[in-house]
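Colleague: The residues making up each chain are set out below.
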Amino acid sequence: MIANLVVGGLAAGCLYAMVGIAIVIVLNITDIANFAQGEMAMLATFFAYWLMDSLGLPWWQAVSIAIVFGLVEGIVIQQVVIRPLIGGPVLSAIIATLGLNVVLNSLAGMIWGHQTYTFPSPFAFSAPFVIGGVPIAVDSVVNIAVGLVIIIAMTLFLRFSWTGLGLRAASQNHTVARLMGVSITRTSAIAWGLGGLVGAVAGVLVAPSLFLDTNLMGALLIKAFAGGVLGGLNSLIGVFLGCLALGVTENLASAYVSPSFAEATTFIIIIAVLTVRPEGIFGRIRVRKA
Amino acid sequence: MTHLAIEDVSVDFGGIHALRGVGFGLEAGSIVGLIGPNGAGKSTLLNCISGITRPTAGRVWLGDAVLSTMSSAAVARCGIGRVFQHPELVAELSVHDNLLVACHCSLHYGLFSELLRLPDVRRQERAAAKRVSTVLSRLGIADSAGARVGSLPYGHRKLVDLGRALLMNIRFLLLDEPIAGLNDAEISRLREILLALRREFGLGILVVEHNMPFVSGLCDRLVVLDLGQLIANGPPAEVLGDARVMSSYLGEALDA
Amino acid sequence: MSAAADIVRASLPRASWSWGAALVGICFVLACGAPLGVNGYGLYLLTLTGIFALVALGLNFLTGYAGQISLCHASFFGVGAYATAILTQKAGVPYLLALLSGALFTTAIGAIVAVPALRLRNIYLAIATLGFGVVLQKIIFEWRSLTGGGGGLALAAPSIAGHEVGATGLYYLTLAVMSAGLFGAWNVSRGRTGRALLVIKDSEIAAGSLGIHAARYKVTAFAISAFYAAIAGGLFAYLVRYINPESFGVGLSISFLSMVVIGGLGTIGGSIVGAAFYVIVPELLRGIKDAPGLVFGLLLVVVMVFMPQGLWGMMRRLGRGSVG
Numbered sequence: 001m002i003a004n005l006v007v008g009g010l011a012a013g014c015l016y017a018m019v020g021i022a023i024v025i026v027l028n029i030t031d032i033a034n035f036a037q038g039e040m041a042m043l044a045t046f047f048a049y050w051l052m053d054s055l056g057l058p059w060w061q062a063v064s065i066a067i068v069f070g071l072v073e074g075i076v077i078q079q080v081v082i083r084p085l086i087g088g089p090v091l092s093a094i095i096a097t098l099g100l101n102v103v104l105n106s107l108a109g110m111i112w113g114h115q116t117y118t119f120p121s122p123f124a125f126s127a128p129f130v131i132g133g134v135p136i137a138v139d140s141v142v143n144i145a146v147g148l149v150i151i152i153a154m155t156l157f158l159r160f161s162w163t164g165l166g167l168r169a170a171s172q173n174h175t176v177a178r179l180m181g182v183s184i185t186r187t188s189a190i191a192w193g194l195g196g197l198v199g200a201v202a203g204v205l206v207a208p209s210l211f212l213d214t215n216l217m218g219a220l221l222i223k224a225f226a227g228g229v230l231g232g233l234n235s236l237i238g239v240f241l242g243c244l245a246l247g248v249t250e251n252l253a254s255a256y257v258s259p260s261f262a263e264a265t266t267f268i269i270i271i272a273v274l275t276v277r278p279e280g281i282f283g284r285i286r287v288r289k290a
Numbered sequence: 001m002t003h004l005a006i007e008d009v010s011v012d013f014g015g016i017h018a019l020r021g022v023g024f025g026l027e028a029g030s031i032v033g034l035i036g037p038n039g040a041g042k043s044t045l046l047n048c049i050s051g052i053t054r055p056t057a058g059r060v061w062l063g064d065a066v067l068s069t070m071s072s073a074a075v076a077r078c079g080i081g082r083v084f085q086h087p088e089l090v091a092e093l094s095v096h097d098n099l100l101v102a103c104h105c106s107l108h109y110g111l112f113s114e115l116l117r118l119p120d121v122r123r124q125e126r127a128a129a130k131r132v133s134t135v136l137s138r139l140g141i142a143d144s145a146g147a148r149v150g151s152l153p154y155g156h157r158k159l160v161d162l163g164r165a166l167l168m169n170i171r172f173l174l175l176d177e178p179i180a181g182l183n184d185a186e187i188s189r190l191r192e193i194l195l196a197l198r199r200e201f202g203l204g205i206l207v208v209e210h211n212m213p214f215v216s217g218l219c220d221r222l223v224v225l226d227l228g229q230l231i232a233n234g235p236p237a238e239v240l241g242d243a244r245v246m247s248s249y250l251g252e253a254l255d256a
Numbered sequence: 001m002s003a004a005a006d007i008v009r010a011s012l013p014r015a016s017w018s019w020g021a022a023l024v025g026i027c028f029v030l031a032c033g034a035p036l037g038v039n040g041y042g043l044y045l046l047t048l049t050g051i052f053a054l055v056a057l058g059l060n061f062l063t064g065y066a067g068q069i070s071l072c073h074a075s076f077f078g079v080g081a082y083a084t085a086i087l088t089q090k091a092g093v094p095y096l097l098a099l100l101s102g103a104l105f106t107t108a109i110g111a112i113v114a115v116p117a118l119r120l121r122n123i124y125l126a127i128a129t130l131g132f133g134v135v136l137q138k139i140i141f142e143w144r145s146l147t148g149g150g151g152g153l154a155l156a157a158p159s160i161a162g163h164e165v166g167a168t169g170l171y172y173l174t175l176a177v178m179s180a181g182l183f184g185a186w187n188v189s190r191g192r193t194g195r196a197l198l199v200i201k202d203s204e205i206a207a208g209s210l211g212i213h214a215a216r217y218k219v220t221a222f223a224i225s226a227f228y229a230a231i232a233g234g235l236f237a238y239l240v241r242y243i244n245p246e247s248f249g250v251g252l253s254i255s256f257l258s259m260v261v262i263g264g265l266g267t268i269g270g271s272i273v274g275a276a277f278y279v280i281v282p283e284l285l286r287g288i289k290d291a292p293g294l295v296f297g298l299l300l301v302v303v304m305v306f307m308p309q310g311l312w313g314m315m316r317r318l319g320r321g322s323v324g
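Chains as they are written, first to last, in the numbering used here: chain F, 1 to 290; chain H, 1 to 256; chain D, 1 to 324.
No lab work stands behind these hints, which were simulated from the structure alone.
There may be inaccurate statements among the hints.
[What the hints assert, rightly or not] Stretch by stretch, here's where chain D covers chain F in the computed footprint (C-beta under 8 angstroms, at least three residues):
#1 226 to 235
#2 258 to 266
[Unchecked claim] For the chain F half of the interface with chain D, some residues (derived, Cβ under 10 angstroms), not all of them:
#3 I94
#4 N101
#5 A272
[As the list claims (entries may be wrong)] Here are a few chain D residues that sit away from chain F, every Cβ distance over 10 angstroms (derived from the structure):
#6 L45
#7 T49
#8 P94
#9 Y124
#10 V134
#11 G148
#12 L155
#13 S159
#14 Y172
#15 S179
#16 F183
#17 S203
#18 I280
#19 K289
Keep in mind it's a predicted model, so treat the numbers as computed, not measured.
For every residue, glycine included, the Cβ atom is placed at its ideal position computed from N, Cα and C.
Full structure from sequences and hints, please.
Modeller: Structure (C-alpha cells):
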C-alpha cells in the first residue's frame, strides 16, 4: 500500500520537478524567480494542442514545434520584460513575473476560453510497467526519464561547453564575466530560452494527465517552487529531489492525515524546513557580486 | 565604559583563518589606526567589534560588558558607532531624513503614540530635527539638507554617513577606509572633524586606512595586521620603521 | 512621508502646500457627501474601494517600506472577515468590538507568521508566506462547525448601538475607519518606525549599526499590515454578506500586491490610488472576460519596468509640472 502511494507520489513529484528544473535554470543564471514559468509552459502546450487540433499535425511534430515555441517565448520575454530589470532590486523582478503570469493566463483565456481539453499522449494506451508488484504508468516512467535526461544534459552543457561556462561565469559575477567577453544580456537570453524550452517539455508531458485548460500550470507552479525551495534552489538535483519528496509527502499525507489537508501539511513541512535551514535542504547561500 | 578591549579574537570562516588571536585595546580619547595589507582581516575585526560577525574564539569588551555576544543593534546602542566603507544611505530619503534615522535610539515613544502622533512624539521629533540640523552645520553640509541622497557627490555622502554615527551618542567610532574616494580638501576636512570629535567629546576612534601619511599624521598609535595576526602595536614612527611591517606590505627583499 | 514633504518643501513654493491640503479637504467633503449622489451600486463600489485601500495601506508598510514580499495577506483579510463574522453571529459580540477583536486576533497570527519569515528573503519568503496563506485558508475550510466550511457563511446586517447598519451606514463606517487608518499610516511614515523600516529594506546591516533591531521591526511590519487587512476583512464580510474560503486565496493576495505596486510602492497616496484602480478597472471592462486580468498583469509589468513610482508617482510628477 505504501509502495503504491510512494510511486504515485514520485510520479506526481516528477511533474512538479519538470517545471522546477525550468525555474532553477533561470534562477541560477539570472537570479530571477520566474513566477510566469508555468503560464509560459501552458501557452506552449496550448500551441501544441492547436497545431494538432486545427492543423492536424502528428504528436511528435506538434510537440517539437511547441518546444521551439517555448524557446522563442523565453527569449522574447527576457528581451522585453527582464532585460530592463537586470541589476535592479529582486522584488521588482518577482512582481514583474507575477504580472506576466496574470497576463499570459488572461491571454490564453481570451484565445482558447476556459473549457478543458484533452491532450493526447503517445503512451496513453501502453500497458503499465510492473515493478515489485506495483504498477507504474508508462507516462510516469517517461516523465522521470525525461527529467533525468534534462538534468544530465543541462549539467553537461553548463560544465563542459563554452556557452555553459559563460552562463556559469555570468551567474557568479557580472563584471568579471563582462571583462572576459561574456555578454550578460546574451547569457540571460539563453537562460530564459532554455527555461522556456524545458517548460514547454514539462507542459506537454503534464497535460495528458492533468488535462489542458488555463489552470493547468497554476497549482503546479506553486508545487514546483515549494519543492524547489525544500530541496534548495541552487542545484538541478536539489530541485528534482525536493519536488519528488514533495510529491511523496503529499500522497502520504493525503492517505494518513487527511485528503483535503494534504496540501496544507506539505506547506507546514516546508515552512518548518525553511525555519531551520533558510536555504532549503540542499541549498547553499549564494552571494552574487555585481 | 571608557575602554574597548579586543581579547584574543579569532575568526574562522570554514577553513579560512580570517583572524588569529588578535588582542589590543582602545582608550576613550585616543585615535588608533588599523593597517595591514589587503586580506589581513581588518574589516573582519571591525565586524567583530560591531557585532556583525561573531568571533570563533576570544571576546570584545566595552568596559566590563561583553560585546561579542550581542547583536549588532545592541552593540550600537552601547555606544559603538560604525561607518562602513561604502555609504549605505537610504536613496529615497533626503539627507535630513537619513540623519533623522540615526536618532532612532534617542527617540522614546511607543508604536501607539506614534500612530496617534501625540504631542510628546511631536516634541521629540522636533528635538531630533534640531540635533540633525546641528550636525549638518557642523559637518558643513547644511545646505544639502533637503537633497535626495542619490544626487550628492561621493564625499558628501560619506559625511552624511559619518553624521549618522555622530547622532548616536557614541563613545567609540569605527571607520572603515574613510578617505577612499575623497579629494584633498575633503580629506583635511575629515581630519579636522575627527580631531575635533576627540577634543570635544573624548571619542575613541579606530580607523582602518591604507593611506600612510593620513594615518600617521592622525593617529596616536598604529596596530598592524597581516594574514589575520597582529604583528605590531605602537606609535606611528616606531611601527612604520618596523622591519616586519615593511616586509608584510612590500614582501621579502629579493636577496634575503 | 516626511522625505517627500522635505523634497516638496525644498522644491516648490508655499502655494502648492495649500493646494495639497485643499485637495485632501475637497476629497474628504466629496467622500462624506457621496451617498447623496450615487446609487446603491456606486456606494457599494466606494465602500469596496475604502476597504481595499485599508488593506493596501497596511501591506504598503510590509512591502513598500520594509521590502518584505507577502503572498498571504488575503488570508489575513479572510481571517479578519471570519473572526468578525463568527464573533457577531455566533457569540453575539457587538459589531465594533468584534471588528477590533477579530483584528487583534489576526494581528497575533501575523506576528507568528513573521517569526519564521525573519530569516527568509525574496523567493523563499514568497513561498513561505504563500504556504502560510494556504494553511490558514485550509483551516477555515476544514473547521466546518465554526466557519461553515466550503459552504460559506451568510451574514445578517450588523448593528451598532441597537441601530441596524445599512449600506450607507457601512459606507460611513468604512470612511471613518479608513480615515483613521490613513492618519495612523501617515504618522508612522513620519515617525521612527517608518524610517526604521526603510533602512531595513535597504540594508539590515546598516540598520543594525544604527541600533535598529531588524527582526523586531519586521515582526512589527507584519503585525501592522495584518491588523489593517483584518479590519478591512471585518468590514468586507458585512459588505458582501456572504463569505467563503475560496475567495481568500493566493489570487487575492497577488491582487493586493498589485494594488500596492501599481498605486506606488512605499507611498501612502499610492495605496488609495491602487485600490481605486483595482475596483474601477473590472467595472470598466465588464463583459470582456479576462480583460481585467490582462490589464492588471500588463500594468504590473509596465510599472515595474518603466515607472517604479507607480500611478501616484506619475500623478505627483504631473502635478508638480503644472504647478512649478
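Colleague: Of the hints stated earlier, which fail here?
Modeller: Hints 9, 10, 19 not satisfied by this model.
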